[in-house]
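Enquirer: Here are the chains, one letter per residue:
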Amino acid sequence: MTHYSAVLAWVLLHVLWQATAIAFAYKLLDRQIATERAETRYNLALMALLCIFGVSIVTFFYEQLHVSSDPGGINIIASAARNSLLVNTAPVASLLALFHENSNGIIQLVDMAWLAGVLVLSVRALGGAWILSRYRTALSYAPADDLAQRFRNIAQRLDIRQRVTLRIHAAAINPFVIGAFRSVVYLPASAFTSLSPEQIDAILSHELAHVRRADCLWNLLQVAVETLFFFHPAVWWLSGILREQRELCCDDVVLNTIAKPTTYATALLALAENGRKQPRLAMGIGGSPTMQLLPRIARILGAPFHGTRELRSGMLFKLSAPVLASIAVLCGSAAIPFFSRSTSSLPQTTTASNPPQYNVPSQELQTSFSETNRIANDIARREAPISARRQAASTLASGFARNAKALSEQAAASEQQDMSPQHHGGPDAPVSSTGHSDVTPRNQAP
Amino acid sequence: MLFHMRRTPPANARPTEFELELLSLLWAKREATVRDLHEALNKNREIGYTTILKTMQIMTDKGLVEREEVGKAHLYRAARSEQETQRQFIGDIRERLFGGSAGRLVLQALSGESVGADELAQIKELVSQKEREL
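Residue numbers (my numbering), protein chains in the order written: chain A, 1 to 446; chain B, 447 to 580.
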C-alpha cells in the first residue's frame, strides 16, 4: 500500500507542471487559430483537457515501475553501513533517517489532501445530480401534440439518432437538456407566453444541437476531470473555455437551420428578460458562469467574437504558483536521488558502527558481509512492502552483529595465539556476547 | 373585521401533470377564470371546458389553487408561487448546497445569472439595428 501512496503523491506532483505546460501550449496554439470556427477551438480545448488526463495516466505507470524497481533504500543503507566501518557516520545516518521519516509524512499528507478534495467534490456532484432528478420529474409535464411533432421534425432535420424527448418545465427559467444516453430537453412553461413559435424552434434547435454533439456525455467527462484535478487552476480554466466554446458551437448549428439570425437573437433576449423578472433564480441551476450575453448575441448577428476567457495576468500568476512549487520540490528531490523514491525507513545502524578500527576484517568476514548484503537486496527486490524491507534491514543489522561478534572472536583468538599459551576455559570464552565488539579479552589469572 | 383564515395547503399535495400545466398558466397570468384557461389551452390541443372546470375544482380541494368569486365568474389563483412549489420538492438547504453543482451537470441555452439592465438595452439596440438592415 505504501508503494502506491508514494506513486500517487508523485503523479499529483507531476500534474502541477504538466497541466501548466499543456495550458500554455494550448494558449499558444489557440492564438494561431483564434479566428477559426468555434468547432475547431472547441476541439483544441477538449484535446488539451484530455491530454492532461492522459499524461497523468502515463505518469502513473511510469512512477509505478520506477518506484518498485529501485531498492535504492537498501543500497543506501548497505553503503552507509559499510562506510561506517571506516568512519563513524552516525550523524549522517540520523540525518538520512530524519529525511525518510519526513518523506513518508509528506507523502501521506499529499495523498490525504487530494483524497479529501476528490471526496468533497464528488459528494457535491452527486448531490447536484440528486436534486436535479427531483427537480426534473416533479415539476415537468408532457408537451402538447403539435409541439411534440415540431420537436421531432427538428430532431430529424438535425439527424439525431438517439432517443430524445421534450418536456415542459413549470418552474424553470431557462431551457436545458440533460441525460447522456436518453436525453430530455426541458422547455420552461414561461417560454410560451414570451416566445413565438419560430423562436421556440430556434431554442429547441440549440438544445438538440447539444444532443447531436453528445455534449451531455462530454460534460460528464469534464466534471470527472474537474473532480480529479481540482487542485490545478489550469484545469478549471480549460474547462470554462470548453463550456463557452460549446455554446458557440451550438449557436452555429442553429444559425445553419434558421432563416433569420434575428429570430434566434430575440429569442435569447426574451429568455434573458424573463430571467430578470424572477426575483430568485430557478434553483441556482445556472450556477456555472458563462460568457456575457451581449458579445454572444453580437456574434449571432454577424459581429466577430471568439470568447472571453483570455489569459489574464491574474490567471498567469495562478498558473505559475503551482509550477514553481513543483519545480522546487523536484529540484530538492533530485539532489537526493534515491531517498525520494524509497519508502523504507533506516534501521539502527549505530549498534554495528563501532567495531575496532585497527582490525581489517578477514576474507571470510568480508564474504559474509557481501553475503548479508546480497540476501537483503534479494528480499527487497522480491517483496516491495515496507515490512519486508524492514525485515531486510534488520537482517542486515543482525548480520552485522553476527559478523561483529565473529570479528571480536577472531581478534580474541589471534590475541590468544600471541600471548603465552594460557588456557582459557571453554565455556567462558572471552567473547563479549553483546553486539558491541568490545574485544578486550577477559584476563584470567594464570 | 373579518379574519380570513387562509387554508394552508396540505404539505404533500403534489400536482399531476395536467394540474401542473394549469398551474404554470396561472403563474404566468396571475389569476384566471376557467374560460381564460380553456382559451389558452385550446391553442395547442382540444380540451373540454368541463374537464378544466373539474380539474380546477379538484385542485381547489387539494389546496393547490384558491378560488375567488368575482361577480358571476370564479377567479382562480395559484396557492403557492413557483419558487415555493419548487422548494417543496427540493428543500432550501439542499438547493443551496448542491444548486451550483447541479448547474454544472446540465446544458443550458443561457447562463442562469441575470443580465444587467444596460446590457439588455444594448442588446435591444443591436437587434433593432440588425433588423433595420435586413
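Please keep in mind that the hints were generated in silico from the structure rather than gathered at the bench. Hints are supplied without guarantee of correctness; some may be wrong.
Quick look at which bits of chain B chain A covers, simulated, 3 or more residues with Cβ under 8 Å [unchecked claim]:
#: 1; region: 469-483
#: 2; region: 507-520
#: 3; region: 525-532
#: 4; region: 551-557
For the chain B half of the interface with chain A, some residues (derived, Cβ under 10 Å), not all of them [as the list claims (entries may be wrong)]:
#: 5; residue: 460
#: 6; residue: 461
#: 7; residue: 465
#: 8; residue: 494
#: 9; residue: 495
#: 10; residue: 499
#: 11; residue: 500
#: 12; residue: 501
#: 13; residue: 537
#: 14; residue: 540
#: 15; residue: 541
#: 16; residue: 546
#: 17; residue: 548
#: 18; residue: 562
For every residue, glycine included, the Cβ atom is placed at its ideal position computed from N, Cα and C.
Enquirer: Residue 500 (chain B) was flagged as interface toward chain A. Is the shortest Cβ-Cβ separation under 10 Å?
Expert: violated (18 Å)
Enquirer: Against chain A, run the beta carbon of residue 495 (chain B) and see if the smallest gap drops under 10 Å.
Expert: violated (17 Å)
Enquirer: Confirm or reject the coverage of the region 507-520 of chain B by chain A under the rule of 3 or more residues with a beta carbon closer than 8 Å to the chain's beta carbons.
Expert: Contact hint for the region 507-520 of chain B vs chain A: violated, 0 residues under 8 Å.
Enquirer: Return the status of the interface hint for residue 494 (chain B): holds when the least beta-carbon distance to chain A is below 10 Å, violated otherwise.
Expert: violated (15 Å)
Enquirer: So, as I understand it, the hint says residue 537 (chain B) touches chain A; can you test that by seeing if any CB pair is closer than 10 Å?
Expert: holds (8 Å)
Enquirer: With a cut-off of 10 Å, does the beta carbon of residue 460 (chain B) approach a beta carbon of chain A closely enough for the hint to hold?
Expert: holds (7 Å)
Enquirer: Min Cβ distance, residue 541 (chain B) to chain A: is it shorter than 10 Å?
Expert: At about 6 Å, which falls below the 10 Å cut-off, the nearest Cβ of chain A leaves the hint on residue 541 (chain B) intact, so it holds.
Enquirer: Can you tell me if the region 469-483 of chain B counts as covered by chain A, using C-beta to C-beta distances under 8 Å and a minimum of three residues?
Expert: holds (count 5)
Enquirer: Can we keep the residue 546 (chain B) interface hint, with Cβ of chain A closer than 10 Å?
Expert: The hint holds - residue 546 (chain B) has a Cβ within 10 Å of chain A, the shortest such distance being about 4 Å.
Enquirer: Do the numbers back the hint for residue 501 (chain B), that is, is its least Cβ distance to chain A under 10 Å?
Expert: Violated. Min distance 13 Å.
Enquirer: Interface hint check: residue 562 (chain B), Cβ to nearest Cβ on chain A, cutoff 10 Å. Holds or violated?
Expert: holds (9 Å)
Enquirer: How does the coverage statement for the region 551-557 of chain B fare against chain A, requiring three or more residues with Cβ below 8 Å from a Cβ of that chain?
Expert: With 7 residues closer than 8 Å to chain A, the region 551-557 of chain B meets the three-residue bar; holds.
In this structure, the earlier hints numbered 2, 8, 9, 10, 11 and 12 are contradicted, and the remaining ones agree with it.
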